[in-house]
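Visitor: Here's the letter readout for the chains.
Number of protein chains: 2
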Amino acid sequence: MPTPILISLDAMGGDHGPPVVVGGVRDYIRRHGGEGVRFLLHGDETAIAAEAARLRLDAQVFEIRHTDKVVAMDEKPAQAMRRGKGSSLWNALEAVKAGEAHAVVSAGNTGALMAISKLVLRMAAQGLERPAIVASWPTLRGVTAVLDVGANIDCDAEQLLEFAIMGEAFHAAVHGVDKPTIGLLNVGSEEMKGHEEVREAGRLLRANTLGLDYHGFVEGDDIAKGTVDVVVTDGFTGNIALKTAEGTARFISAILKEALTSGIQAKVGALIALPALKTMRSRIDPSAINGGPLLGLNGIVVKSHGGATAKGFGNAIRIAVDLARSDYMAKVSANLGRLDQMIQSAATPPPESVS
Amino acid sequence: MPTPILISLDAMGGDHGPPVVVGGVRDYIRRHGGEGVRFLLHGDETAIAAEAARLRLDAQVFEIRHTDKVVAMDEKPAQAMRRGKGSSLWNALEAVKAGEAHAVVSAGNTGALMAISKLVLRMAAQGLERPAIVASWPTLRGVTAVLDVGANIDCDAEQLLEFAIMGEAFHAAVHGVDKPTIGLLNVGSEEMKGHEEVREAGRLLRANTLGLDYHGFVEGDDIAKGTVDVVVTDGFTGNIALKTAEGTARFISAILKEALTSGIQAKVGALIALPALKTMRSRIDPSAINGGPLLGLNGIVVKSHGGATAKGFGNAIRIAVDLARSDYMAKVSANLGRLDQMIQSAATPPPESVS
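Those protein sequence lines, which keep their order, are chains S and X. Going by my numbering, the residue at position 225 of the first sequence is 538; the numbering climbs one at a time, nothing skipped. Going by my numbering, the residue at position 296 of the second sequence is 609; the numbering climbs one at a time, nothing skipped.
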């Protein structure tokens, strides 16, 4: 891997554009040092340069690639694919395709990012219709990667295995865990539980041809317990689990806030306990876990939340840098090749039956 | 409906047996008055009578039906079906089958209760393989009924409509809401979102032949918001959503507790705010929402959590009484009949195509 790592940024994406993207670059450098990392900023040159000057960003660490064209946050994927060529989002991806940059980060429109990434970079995993989205889920034991959380609605056993391979490589690269453990999300831990797709995926993972550290089936409450490092599920179930958890967290925060402001005595207690409550909040701070990679593409693409702060965007950059520095792409490619062989040999009748 | 309402109880079910079941009867009478309600207690006469004496339960309100036989909490459903005849669980259900009692409450083994209920009472809904389980979900606006949360793994559009019909009648009976609103759980609100089964169910509900108040698709975070009164989903997704929410709630409680005991200052603050924190806890108190009916049977069956307290069991009794007193069974039966007609007329080719 050539030095320095070059990260391609869609500077116009997200709800805030250059202030958050350029601010994210500064935040990343502050926290992690800028050594060996440079940035390509795609978008309006004047706006980006003004922001870089205001934030006193070292001119050595970045280069601006001007374009007037922007994919709007509410643009439909089909329209973005037709009209998006030459936009900051498209150009950011093209820089990875051309081998110039090592990874892309964008806070833009998710649908458009998925569609244009697929068009420009192509899928590396045969079975996947669309890139898989990973959620980094705070747990009692750290962070668990959950995928897919929304892109691939109907998944067969092969797709679930592709998620397992990509999720394992992602978690190892970003969290420095040597051999992440993997669980399949299901309604119980016994072998006969769940629908056919998840049971078949379980059988294939137990056979262990791929060399993954497979723990078995896990249930919904195992996610927040941190029972495994990587939780694999289809995009329908994963999306509903993620949004249900977000809804539950918001519900509890709301009733906690209501309780702690319900009278003078409660308010006094809350004020005294405030530093501790703030520490608690930081454990579920969205900006500390911002940055969800789109997995399964021929290239590293990290999606930042559209409303992320500069600190949040800086975290998405960190994830892109960690992935680019690691052997993530090579590992995924090797394991997907082994999966292909496994599926093909399972489809070929064994010699005895043709003799 | 004859007076009094007779509730058939499996007195030996659950982790605690008679103390919780008889305690639940006392708790129900204390809170709601015992007028017009009597209880049949199935199980070990000596143990039940001792408990009733200890709790000074009025001999007028209950009758004991002795049996030595008990279905164990860890007994497999198939084994329970083979060997369970004459057990407290089986006899409690037989009393409803015979038309003697109006509803059953059991804190026993869920798998055995489902299997024996189906065997004794039979399914009323054609499409259902097993009874559907309803979760009463605390929300910002009260309580939302979510079903199925675990029994029917693969569901087609017809089954989802059966859940909508049963969930609506249940919510109306137990929460006194005249016309509960219904949402289908999905990954987005647009018509083209989700897999074929949920889209087809959405089309059928929008057509509104059943006269339900259909709101549209809802997402995971809509459950805790209380966007609709009844959330309909397949048993796989529903089970994972419910357990993910429980896991999230436990995770937040754990980090809140850790924060509030992290030092002297935090502890003092927590102590002062304690009454408010207790009020908050009562809003998510499991015993206040204990009691999940098994829907789709020819009879009212309410499952109590195996580890429920007497107060929790009393709440499950309240749900059984509310269902028995309402027009729930008649309404479900009428609507399932209309659904059958609708499905049959959809399956019959229209006259033009045969002319």
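To be clear, the hints were calculated from the coordinates, so they are not data collected in a lab. Note that the Cβ used here is the ideal one computed from N, Cα and C, for glycine as well. You may find that some hints are simply not true.
[To be verified] Computed spacing ranges between beta-carbons, pair by pair:
| # | chain 1 | residue 1 | chain 2 | residue 2 | range |
| --- | --- | --- | --- | --- | --- |
| 1 | X | Gly576 | S | Glu442 | 45 to 55 angstroms |
| 2 | S | Ala391 | X | Gly455 | 32 to 42 angstroms |
| 3 | S | Gly501 | X | Arg638 | 48 to 58 angstroms |
| 4 | X | Ser502 | S | Glu513 | 48 to 58 angstroms |
| 5 | X | Gly576 | S | Glu413 | 43 to 53 angstroms |
[What the hints assert, rightly or not] Okay, derived cross-link-like pairs now, PhoX-like style, lysine-lysine, Cα gap no bigger than 20 angstroms in a straight line:
| # | chain 1 | residue 1 | chain 2 | residue 2 |
| --- | --- | --- | --- | --- |
| 6 | X | Lys538 | S | Lys570 |
| 7 | X | Lys580 | S | Lys591 |
| 8 | S | Lys570 | X | Lys580 |
| 9 | S | Lys492 | S | Lys506 |
| 10 | X | Lys382 | S | Lys580 |
| 11 | X | Lys570 | S | Lys580 |
| 12 | S | Lys591 | S | Lys624 |
| 13 | S | Lys570 | S | Lys580 |
| 14 | S | Lys570 | X | Lys591 |
| 15 | S | Lys570 | X | Lys570 |
| 16 | X | Lys538 | S | Lys580 |
| 17 | S | Lys506 | X | Lys389 |
| 18 | X | Lys382 | X | Lys398 |
| 19 | S | Lys492 | S | Lys591 |
| 20 | X | Lys538 | S | Lys591 |
[Claimed, not checked] Quick look at which bits of chain S chain X covers, simulated, 3 or more residues with Cβ under 8 angstroms:
| # | region |
| --- | --- |
| 21 | 348-360 |
| 22 | 414-423 |
| 23 | 458-469 |
| 24 | 500-513 |
| 25 | 608-615 |
Visitor: Work down the list of hints and note, for each, if the structure agrees.
Guide: Cross-check of the supplied hints:
1. X/Gly576 with S/Glu442: 45 to 55 angstroms: 51 angstroms, holds
2. S/Ala391 with X/Gly455: 32 to 42 angstroms: With Cβ atoms ~40 angstroms apart, the hint holds.
3. S/Gly501 with X/Arg638: 48 to 58 angstroms: 35 angstroms, violated
4. X/Ser502 with S/Glu513: 48 to 58 angstroms: With a Cβ separation near 32 angstroms, X/Ser502 and S/Glu513 fall outside 48 to 58 angstroms, so the hint is violated.
5. X/Gly576 with S/Glu413: 43 to 53 angstroms: 51 angstroms, holds
6. X/Lys538 with S/Lys570: 16 angstroms, holds
7. X/Lys580 with S/Lys591: 14 angstroms, holds
8. S/Lys570 with X/Lys580: 18 angstroms, holds
9. S/Lys492 with S/Lys506: At roughly 26 angstroms apart (the allowed maximum being 20 angstroms), S/Lys506 and S/Lys492 break the hint.
10. X/Lys382 with S/Lys580: 55 angstroms, violated
11. X/Lys570 with S/Lys580: 18 angstroms, holds
12. S/Lys591 with S/Lys624: 17 angstroms, holds
13. S/Lys570 with S/Lys580: Cα-Cα ~10 angstroms, so holds.
14. S/Lys570 with X/Lys591: 13 angstroms, holds
15. S/Lys570 with X/Lys570: The hint holds at about 15 angstroms.
16. X/Lys538 with S/Lys580: 25 angstroms, violated
17. S/Lys506 with X/Lys389: 14 angstroms, holds
18. X/Lys382 with X/Lys398: 8 angstroms, holds
19. S/Lys492 with S/Lys591: Given pair S/Lys492, S/Lys591 is violated - Cα atoms ~33 angstroms apart, limit 20 angstroms.
20. X/Lys538 with S/Lys591: 24 angstroms, violated
21. 348-360: violated (count 0)
22. 414-423: Contact hint for the region 414-423 of chain S vs chain X: violated, 0 residues under 8 angstroms.
23. 458-469: Check passed, 3 qualifying residues.
24. 500-513: holds (count 3)
25. 608-615: violated (count 0)
Violated hints, in rising order: 3, 4, 9, 10, 16, 19, 20, 21, 22 and 25; the structure is consistent with all others.
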